[in-house]
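Residue numbers (my numbering), protein chains in the order written: chain G, 1 to 760; chain F, 1 to 331; chain Y, 1 to 157.
Derived by calculation from the structure, the hints in this document are not laboratory data.
Since the model is a prediction, treat every value here as computed from it, not as a measurement.
Quick reminder that beta carbons are idealized off the backbone N, C-alpha and C, glycines included.
Watch out, some of these pointers could steer you wrong.
[Claimed, not checked] Short, incomplete list of chain F residues facing chain Y, as computed with Cβ under 10 angstroms:
1) 3
2) 4
3) 20
4) 21
5) 25
6) 32
7) 73
8) 102
9) 253
10) 255
11) 256
12) 287
13) 289
14) 290
[To be verified] Sample of chain Y residues lacking proximity to chain G, with all beta carbon distances greater than 12 angstroms (derived):
15) 20
16) 44
17) 56
18) 72
19) 144
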Amino acid sequence: MTIMAPRKFGDSSDGVVGGRQTRFEGDLKVTGAAKYALEHPVENLAHGVLVPSTIPAGRVVSVDMQAALASPGVLLVLTPEDDFGMRVATDWGGNRPDEPYYPLSREVRYNGEPVAAVIAESREQAVAAAKLIRVTYEEAPHVASLDDPNAGEGNLLEHLSASWGDAEAAYAAAPVKVEAEYKTPREYHVAMEPHGLTAKWDGDQLTVWEPSQWSHGMARSYAEWFGLPFENVHLISPFIGGGFGSKGAALAHGAVAAFAARKLGRPVKLALTRPQNFTGYGGRAATRQTIKLGATQDGVLQAIVHRGASETSTYGVWPEQTGAATPIMYKVENLSSEHRVVPVNTVTPGALRGPGKNPSAFGIETAMDELAAQLGMDPLELRLKNYADRDYQSGKPWSTRRLREAMTEGAEAFGWSKRNHAPRSMRDGRTLIGWGMACGTFPVIQAPSEAMIRILGNGRVEVVSGAIDMGQGTYTILAQTAAEIFGVPVDQVEVHLGDSRMPGSAIAGGSMLAGSILGAVHKAASAARDELIGLALSEPSSPLRDTGANTLTFSGGRVSVGGEGPSLTLPELMQSLGRDVLEIRRNTLPDGASMEDQHQAWTTMAKVEGPTMGEYSMHSWCAHFAEVRVDEDFGTVRLSRMVSAFDCGRLYNPRMVESQWRGGIIMGIGQALLEEGLVDMRNGRTVNNNVADYLVPTNADVPDIQVISVGVPDYNASALGGKGVGEVGIVGVAPAIANAVFHATGKRVRELPVTLEKLI
Amino acid sequence: MKDFSYLRAASAEEASRAAQQAGAMLLAGGTTLLDLAKCGVTEPDTVVDITRLAGLDTINVGEGGLTIGALATMSAVADHPEVKTQFPAIAQSLSLAASAQLRNMATIGGNLLQRTRCAYFRDPQAFPACNKRAPGSGCSALGGVTRNHAVLGTSEKCIATYPGDLAVALVAFDAVVDLGTRQVPVDDFFLPYGEAPERETLLQPGEIIRGITVPASVAARQSVYLKVRDRQSYEFAAASAAVGLELEADGRTVSDIHVALGGVATKPWRALAVEQALIGKALDADLVRSASRLSMEGAVSHGDNAYKIELAPRVVARAILQLAPSLGDLA
Amino acid sequence: MTRTIHLTLDINGQRHELDVEPRVTLLDALREHLGLTGTKKGCDQGQCGACTCHVDGKRVLSCLTLAAQAEGRQVTTIEGLAGPNGELHPVQSAFIEHDAFQCGYCTPGQIMSAVACIREGHAGSDEEIREYMSGNLCRCGAYNSIVTAVREAAEMA
């Protein structure tokens with residue numbers, strides 16, 4: 001794919017790393033020319049739809065498909081009776097049980113699990129026929145949710161426990177105590193582009209057009225399912241209509257489509273309906289946690305005791321770690337944190353923006369507000385007083401931690417010093433006004449990545465990577481990186497992304513992509529420039545050979561000796577060298593990594609590095625300040641003002657970063673005030689499985705949000721100094737808003753979302 | 001959607017004839033019919049497109065009141081300058097409903113006939129029991145998630161909320177539905193669920209709503225539609241109130257008052273008890289609040305929706321107080 | 001086979017002939033039959049606004065419009081918004097300038113809605129823009145920038 005020439009706004013410095021270059025692929029997106037997965041034209045398509053289960057637990061006894069098979073246009077009906085001949089693929093944790101894989105399960109483990117599929121000539125025909133499928137079940141007892149009386153206490157995950165000092169004793173001895181339980185509901189990604197794919201076979205070669213946050217990882221799954229060499233799978237995902245954690249793994253519907261395509265000998269397109277997007281993959285698990293804080297009379301933390309739990313499925317363990325942020329936010333000498341998972345009849349939950357840190361921050365940051373209220377202290381002052389000078393969990397120093405600056409500069413911009421700390425101290429007629437704050441964090445995660453740079457005879461520079469742009473700005477920052485290194489305008493650069501046959505990359509998730517892939521692109525581009533310099537100074541045909549220079553400068557679109565004397569454009573240089581193309585591929589694995597190491601690096605999480613694996617503890621940080629207006633009679637909460645300050649290290653493109661921060665904050669507004677999967681306890685079904693009933697914020701719910709960067713480059717965190725951006729924005733938003741609601745009303749809501757019935 | 005045939009009616013008579021055939025359904029804006037067809041709730045054999053019928057999209061504000069053709073769009077009525085000044089509650093009920101796109105599509109006639117948003121009604125695959133869809137099959141909502149369900153007008157057979165906004169304002173102001181051969185007060189047009197929740201209106205097969213008339217009144221001119229919901233926009237009401245108020249020259253004594261509620265009942269809910277408690281009285285905030293509580297006479301909670309019983313009277317009270325500015329900044 | 005009907009649709013000033021089942025929506029006709037994939041399918045049930053296009057100049061949801069209903073009407077999609085030589089509509093330019101999108105999937109619907117919002121006279125203030133753009137959900141959360149872009153384009157109009 002060739003990117004159209006970008007529109008250029010702002011000053012000339014925008015085209016380099018750190019500049020405010022507008023979105024590189026912007027023209028394609030505003031004209032409708034950007035092709036998303038289901039939009040690639042494929043001849044002779046058949047259309048598939050899934051039939052989800054309507055019971056939460058049990059087994060499929062029989063599937064009556066006669067009416068469906070007789071329905072016009074129907075080509076194929078698949079049921080648990082069909083032997084797919086597939087094998088289970090490796091999960092994110094690297095586990096691969098040696099078992100057959102049945103994407104249409106005979107055992108029903110949650111309401112909405114796919115139990116049949118219909119493939120027809122048209123989507124309309126498939127949908128109509130799917131309604132004619134009659135499934136007979138043998139029902140089994142179920143556990144509908146974390147709130148189900150039969151859910152139990154779940155299983156302790158010891159590797160998630162943290163403990164130092166003697167937390168219980170210190171808590172017991174502390175003169176000031178707070179203890180409360182906090183709960184968050186099931187939440188969903190609601191990416192605007194539904195999941196779906198087109199699968200096409202050519203012999204034993206499988207092409208998959210599917211929205212993906214990780215082209216190589218998902219291609220590996222397809223290859224393992226079908227017992228194919230990795231190279232035989234080609235997963236294509238140049239654009240993705242939002243992921244937020246939901247599009248990082250191949251899923252049952254993908255397996256069904258690919259299997260059906262092979263069976264029918266023609267390509268199959270299968271899209272989940274919007275309701276099916278609520279059960280086709282897991283959202284954020286519901287959580288509950290108890291926090292006990294002990295402090296001195298003047299607000300010095302003495303102990304934190306945290307006990308949390310999250311729901312998981314009956315067939316997989318996904319911990320939504322309620323203790324993920326708890327141990328690293330504050331200076332405390334005594335801490336104990338435990339997390340349990342409680343199996344219920346749901347699809348296995350998954351990663352949703354700020355996994356773990358998000359509900360964890362809701363707990364600890366609300367508890368800190370409760371402590372401040374009990375002490376009669378400014379919540380900002382309490383946080384500054386207990387500022388963590390190092391990571392008490394790992395014992396390591398912070399690489400960079402400008403959370404203090406985030407708090408103070410955010411407070412300054414918000415006007416926090418004017419706050420009367422008494423609840424119910426501000427009103428406008430029947431409207432109560434409140435100010436709240438909370439902090440957030442997300443770890444710096446890195447993974448090895450690879451990139452290719454191609455310099456063409458016409459002087460165009462191509463950046464090629466399997467990395468994904470789901471809106472974070474990957475196209476843009478890669479173009480900026482190449483433009484800077486070759487001293488050319490951004491519109492002389494092309495970027496090719498989202499393809500499993502391109503060089504491998506970190507997943508676009510966990511806020512790890514930008515730091516990881518920029519390292520690889522920077523390395524490859526620098527190597528390509530060095531190669532060009534070497535050729536220009538040594539090839540007999542090069543006009544620069546006789547300059548006697550030791551190196552060359554790339555600037556203003558020309559190659560020269562420090563800007564003096566003769567200079568050539570890139571096309572002129574390539575021509576003089578007699579080269580049509582110069583191609584360099586580099587990765588960020590240790591030198592000498594084997595092909596097997598490389599394959600593992602691009603297609604599994606095995607080589608992902610966490611925040612404390614080196615000498616430092618590395619994290620992004622933020623502080624949110626919220627103003628809410630609460631209708632005293634109706635209990636409706638409207639966010640009227642928001643200021644958020646971030647330490648995310650160096651920003652590769654502030655325009656894109658600010659957009660991501662605001663996006664995270666807005667998702668946090670939804671989490672705070674609107675979003676909740678409503679489960680019918682009788683059959684475990686999420687009954688508000690659509691976007692009219694599962695409410696996400698509209699434009700009218702969102703005020704102008706001021707975002708501030710207080711970060712400095714952190715070269716321990718990444719090659720170019722950035723820390724993660726995408727996840728941290730949401731972390732701490734919900735507690736900031738809930739704390740503001742307390743300040744407005746005097747009512748402490750400890751269970752999200754803060755809906756009107758909790759306030760009237 | 002089940003396969004259907006498409007007929008574009010050239011005249012109201014043709015549409016009426018076609019609509020009497022078994023399995024035929026009228027299609028105007030399509031925002032309810034196609035939505036429910038996709039859910040599998042409605043399965044028409046024939047869709048009769050009436051959007052090309054001439055002369056049914058007029059909007060007139062005259063001495064006698066407001067007449068709206070059934071095919072006028074929600075946005076056309078909401079943005080009509082005289083509707084906004086003479087019947088503000090009606091204009092507001094429309095502009096606070098749905099989204100700009102849906103209001104450009106949906107017609108006034110179709111709007112009256114929109115179906116409930118009950119999640120159980122809308123999910124026949126997972127919840128076969130629904131007395132509204134399949135009379136006698138039971139009610140899946142009872143005992144389920146009921147946060148959005150009705151507290152008024154319910155029965156053991158159905159607790160589904162009427163979702164609309166416009167009809168609430170119409171009921172408040174004594175509007176009449178023109179069915180061509182007969183004229184029916186809107187309040188009668190919507191049937192109480194009682195024993196037969198599958199029958200929601202008086203409409204007979206082949207009958208087509210031709211239009212709506214709303215009598216002019218001071219109260220209609222001094223009216224408001226107040227809608228409370230979780231989200232600021234693009235959501236159905238948690239509770240809403242259409243109120244019109246005419247005061248004596250003293251600025252306090254009620255000479256005429258109209259009150260109806262939305263989001264809390266199985267049909268657009270006229271609150272006559274509130275009106276009767278206030279007519280002829282000199283308003284003060286406490287009186288308004290206590291009278292507004294009468295709107296919940298007979299209300300039944302199903303657990304999750306208990307908040308509506310507390311919320312709705314407050315919405316009514318706020319709406320009344322907003323129309324009586326002489327009472328000071330109580331609203 | 002199921003029955004089909006023959007339709008002639010006027011889309012972006014061009015005449016398109018197609019044979020489709022009567023139940024085919026305008027959205028599916030555009031995306032699956034005519035290759036006009038700029039109009040997006042987000043929910044397919046009238047709840048998200050991603051499929052917004054113009055019919056006779058008014059913004060509507062193509063997922064709840066039958067293709068047959070659009071016969072004899074002028075349909076405009078995102079592909080028909082730019083000028084004859086590809087010059088971007090001012091709303092499109094403003095969206096790029098203010099970074100009013102991230103993933104881009106809701107963007108065609110947002111832009112079609114914004115063009116109509118301005119034309120309707122509903123872009124008089126930020127508050128009015130927010131309300132009249134609320135039928136278009138954006139999960140990436142570009143709302144602030146969308147308001148800025150619509151305001152700026154409205155001022156230029």
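Going down the list of hints, with the structure as the test:
{"no.": "1", "hint": "3", "verdict": "5 angstroms, holds"}
{"no.": "2", "hint": "4", "verdict": "6 angstroms, holds"}
{"no.": "3", "hint": "20", "verdict": "20 angstroms, violated"}
{"no.": "4", "hint": "21", "verdict": "15 angstroms, violated"}
{"no.": "5", "hint": "25", "verdict": "12 angstroms, violated"}
{"no.": "6", "hint": "32", "verdict": "9 angstroms, holds"}
{"no.": "7", "hint": "73", "verdict": "8 angstroms, holds"}
{"no.": "8", "hint": "102", "verdict": "6 angstroms, holds"}
{"no.": "9", "hint": "253", "verdict": "36 angstroms, violated"}
{"no.": "10", "hint": "255", "verdict": "34 angstroms, violated"}
{"no.": "11", "hint": "256", "verdict": "31 angstroms, violated"}
{"no.": "12", "hint": "287", "verdict": "34 angstroms, violated"}
{"no.": "13", "hint": "289", "verdict": "29 angstroms, violated"}
{"no.": "14", "hint": "290", "verdict": "34 angstroms, violated"}
{"no.": "15", "hint": "20", "verdict": "9 angstroms, violated"}
{"no.": "16", "hint": "44", "verdict": "6 angstroms, violated"}
{"no.": "17", "hint": "56", "verdict": "20 angstroms, holds"}
{"no.": "18", "hint": "72", "verdict": "23 angstroms, holds"}
{"no.": "19", "hint": "144", "verdict": "6 angstroms, violated"}
Consistency note: the structure conflicts with the earlier hints numbered 3, 4, 5, 9, 10, 11, 12, 13, 14, 15, 16 and 19.
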